[in-house]
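Number of protein chains: 2
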Amino acid sequence: MRIGIVGGGQLGRMLAQAGAPLDIRFTFLDPGSEPCAAVHGQHLQADWQDPEALNTLTATCDAITFEFENVPAEAVERLAERRPAYPPASALATARDRWLEKSLFRSLDIDVPPIARIDSQADLDTAVAEIGLPVVIKTRTMGYDGKGQKVLRESEDVAGTFEELGGVPLILEGFIDFDHEISVIAVRGRDGEIRHWPVVRNEHRQGILHRSVPQVAHPLQAQAEDYASRVMNELDYVGVMAFEFFVTAAGLLANEIAPRVHNSGHWSIEGAVTSQFENHVRAVAGLPLGETARLAPCAMLNVIGAFPERDAVLALPGTRWHDYGKAPRPGRKIGHVTVLAADDETLETRVEAVETLLVNDLG
Amino acid sequence: MRIGIVGGGQLGRMLAQAGAPLDIRFTFLDPGSEPCAAVHGQHLQADWQDPEALNTLTATCDAITFEFENVPAEAVERLAERRPAYPPASALATARDRWLEKSLFRSLDIDVPPIARIDSQADLDTAVAEIGLPVVIKTRTMGYDGKGQKVLRESEDVAGTFEELGGVPLILEGFIDFDHEISVIAVRGRDGEIRHWPVVRNEHRQGILHRSVPQVAHPLQAQAEDYASRVMNELDYVGVMAFEFFVTAAGLLANEIAPRVHNSGHWSIEGAVTSQFENHVRAVAGLPLGETARLAPCAMLNVIGAFPERDAVLALPGTRWHDYGKAPRPGRKIGHVTVLAADDETLETRVEAVETLLVNDLG
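Note that the protein sequences, when read in sequence, are chains A and B. Using the UniProt record's numbering, read the first sequence as starting at 1 and increasing by one per residue. Using the UniProt record's numbering, read the second sequence as starting at 1 and increasing by one per residue.
If we strip away everything but chain A, and leave its shape as in the complex, we get (with noise of 0.2 Å):
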């Protein structure tokens, strides 16, 4: 069994690493001459849509799937002819899509945040005067870790901001009063079957993730599966997906779903009995899915831009170590640290005693 993997970045060759058990093999469409998870498998250097290495990948490869959103439509087609290509297009194009998605939400009986759709500087001045500032406003695709967006506060802030993000279609949201940030990692196989993780609390730093820490008992468990189920079942979903959530008094709000592993569920390699990577492995391969269980409490914390000294991280008890073998740049996740604990008041102290050693570089 091969599976070919469009993109070869560290959630690719994290992929790799789940399917290597397994005894299943990879290769990798990129176009970067050295991508990080090239040394797991073999390599396509070509542009995604390179007609030639699509097929090429369909030719030698059994199953398909994506290591990001921001595929081309016609790539996925092209793929989706010849092989079974999770998870599909459809769901793609509607993570790609801020608008998309919030409206399928929305569709769903999913509450999101105020929200806007932006094709002029008049959609903006009428929504920021409908809904009020403070409002983030993002670009519908594209963009992500907190690029491609502004925030405005004031309203001298409001003039212009349509034409000064590229006058590209836009999505205004309201700011919400929350709590905090959790995720839900779901899983579907070919056949329907869906599992979840327990609920991520998640913790961002300059809009990029900073700590993820699973939670075996959140009060908000059942309604993120629930949304997460309803989500995955419209769009006949094979595979991994992540689904961001607001946790406010009144409940969840939804605020975006990634067609993919992703970096939230990172903690899994560890800390379930069966990894989010491993999963989507046997989703993708038809393959039954894995229990989904919490094995101990752990928590994950991103490197990103530089490395903190490995071995003095590595000597810290209940450590795993992540290098993705990218080369540090400011604001590039580079790699992860997996915490584990036999309580959560051993976590807690292992957590800082790691976080104190760490020197991301957000740029």
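Among these hints, one or two may not hold up.
Output of the computed footprint for chain B on chain A, the stretches with three or more beta carbons under 8 Å from beta carbons of chain B [as the list claims (entries may be wrong)]:
#1 19–32
#2 287–299
#3 311–323
Just so you know, these hints were derived from the structure itself, not from any lab. Even for Gly, the Cβ is constructed at its ideal location relative to N, Cα and C.
Given chain A, put chain B in place with the hints provided.
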């Protein structure tokens, strides 16, 4: 960092899988054309003693380790002259000779079953007269998984045995009355720090390991750790070592050591904070050792000679599948299944369910 491994079987394969998140690369020296570890690194196809291959290994790798103990002493010395090579030659030499091994145990006040050194039929006759039947006769070197040995039950079995086993140096071991077999996996760093995993209760079938279950409260844990530490310190050992014992009414009787990662430690991949494979890599690479605590009740079942229906195993709760990428052949270890559960009772039920599916062919 690149580690050279002498041997390219499943132990090398799982070492490479454990090293991947640490961004450590591997080169395997193996005479086979497609050893199963080769998918995870570079493969030097040559005899273990090939001088050119050994030179390439030391020229391209930062440290060297071994997948098995039957490495020619000259090869080990040649490697160790140029690069850190662990475990040390003395440990390999001791572990591959059953008489040297048992003599070491005795010199460290570690109890062993009745034994005798057999260099002739006369030695054998004398030892049988002293120790009494039944006894087991083993070649001093080579042989594993029940190969290269013979049980003498009746006095007519004794005559001609020395010739029958090839006229090579032998060791005679008296039968002992034991309750069960355990092993302790331990790791020693370059700095002399030692860590032990919980002892493992092992069940063999036809001399081949069938099942291993780590025990978090075994009454002889401390004695097993003490014995393993004595041996490792005496040998100035670096890396993972397994130590097998018989549990008797009088305590532990030492059976044998394996100077490498060991089948009875495979459960630690999912079941411990840090696996035996990762800690062996950490030790050989000179990194701090990871925590060895068990994360959850778990068991390891070997897949031998023939694969069960994979998807049926994966569909059972709590199972993780390890396919070594080897062609099935009677008696050959081709994979294993790890079973995890939240409590011992559930574990037992789950293990029984997996055992029902196994179709092992022990040959």
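Evaluated hints:
{"no.": "1", "hint": "19–32", "verdict": "holds (count 5)"}
{"no.": "2", "hint": "287–299", "verdict": "holds (count 7)"}
{"no.": "3", "hint": "311–323", "verdict": "holds (count 10)"}
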